[in-house]
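Take the sequences, apply the hints, and build the full model.
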Amino acid sequence: MKLRPLVLGVGGGLVLLVVAGILYFFLSAGGRREAALTHTLRPDDPQVLQVGARIYAQNCVACHGTKGEGQPNWRDRGSDGLLPAPPHDPSGHTWHHPDAQLFAITKHGVAKLIDQPDYRTAMPVYDGVLSDDEIVAVLSWIKAQWPLEVQQRHDEINAQYRKSLPR
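With full-length UniProt numbering applied, the sequence shown has no gaps in its numbers, which climb one by one up to 167 at the end.
The set of hints was computed from the structure by calculation and includes no laboratory data.
A couple of the hints might just be wrong.
To be verified - Below, simulated DSSO-like cross-link-like pairs (lysine-lysine); rule was C-alpha separation at most 27 Å, straight line:
#1 163 - 112
#2 107 - 67
#3 107 - 163
To be verified - Cβ pair distances, simulated, as ranges:
#4 81 - 132: 29 to 37 Å
#5 46 - 117: 35 to 43 Å
#6 122 - 166: 29 to 37 Å
#7 80 - 57: 22 to 30 Å
#8 125 - 165: 22 to 30 Å
#9 114 - 162: 18 to 26 Å
#10 164 - 72: 32 to 40 Å
#11 76 - 46: 32 to 40 Å
Small disclaimer: the values here were computed from a predicted structure and weren't measured.
Backbone N, C-alpha and C define an ideal beta-carbon position, used for all residues, glycine too.
Now the structure itself:
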């Protein structure tokens, strides 16, 4: 008879754990959806672009270049084991990523995005350095530099990404 309360306690604990897991999944999925909508780039907003241009000049140009051309041999790891800064112009892969991923890379870093804490990169983490609005501004400025057809393709990538998120 004393075993029964123990079994009920363990069973109840498992139920609570499963419920907590389900809640976490749905809340974090909702959080991803909210972030995808909140951190939408605004390449048509002149005020946002003015802020973005200033931030790019202060924080990004040294590695990614004045025209977003990136560093030479950006696909090949250097002697330090790190990849050089990629271009943000149409020749690079920046536009292949939805807004939410670009925002996450800028704010939290590649290692966190890909869930590999030991991943090494020269890209700084801007959490605590730039506000969310400033990150959106600089990414919006980068997008505004792309030709219209690349911007439209990026918009399609964003639409596909949003569709893939749980509602």
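Verification of the hints:
1. 163 - 112: This hinted pair holds, its Cα atoms lying about 23 Å apart.
2. 107 - 67: 22 Å, holds
3. 107 - 163: Holds, at roughly 23 Å.
4. 81 - 132: 29 to 37 Å: Distance hint for residue 81, residue 132 holds at roughly 31 Å.
5. 46 - 117: 35 to 43 Å: Between residue 46 and residue 117, where Cβ atoms are some 39 Å apart, the hint holds.
6. 122 - 166: 29 to 37 Å: 34 Å, holds
7. 80 - 57: 22 to 30 Å: Because 26 Å falls inside the window, the suggested range holds.
8. 125 - 165: 22 to 30 Å: Given about 24 Å between the Cβ atoms, the range holds.
9. 114 - 162: 18 to 26 Å: 21 Å, holds
10. 164 - 72: 32 to 40 Å: Since the Cβ atoms of residue 164 and residue 72 sit about 35 Å apart, the hinted range of 32 to 40 Å holds.
11. 76 - 46: 32 to 40 Å: With Cβ atoms ~38 Å apart, the hint holds.
No hint from the list above goes unmet by this structure.
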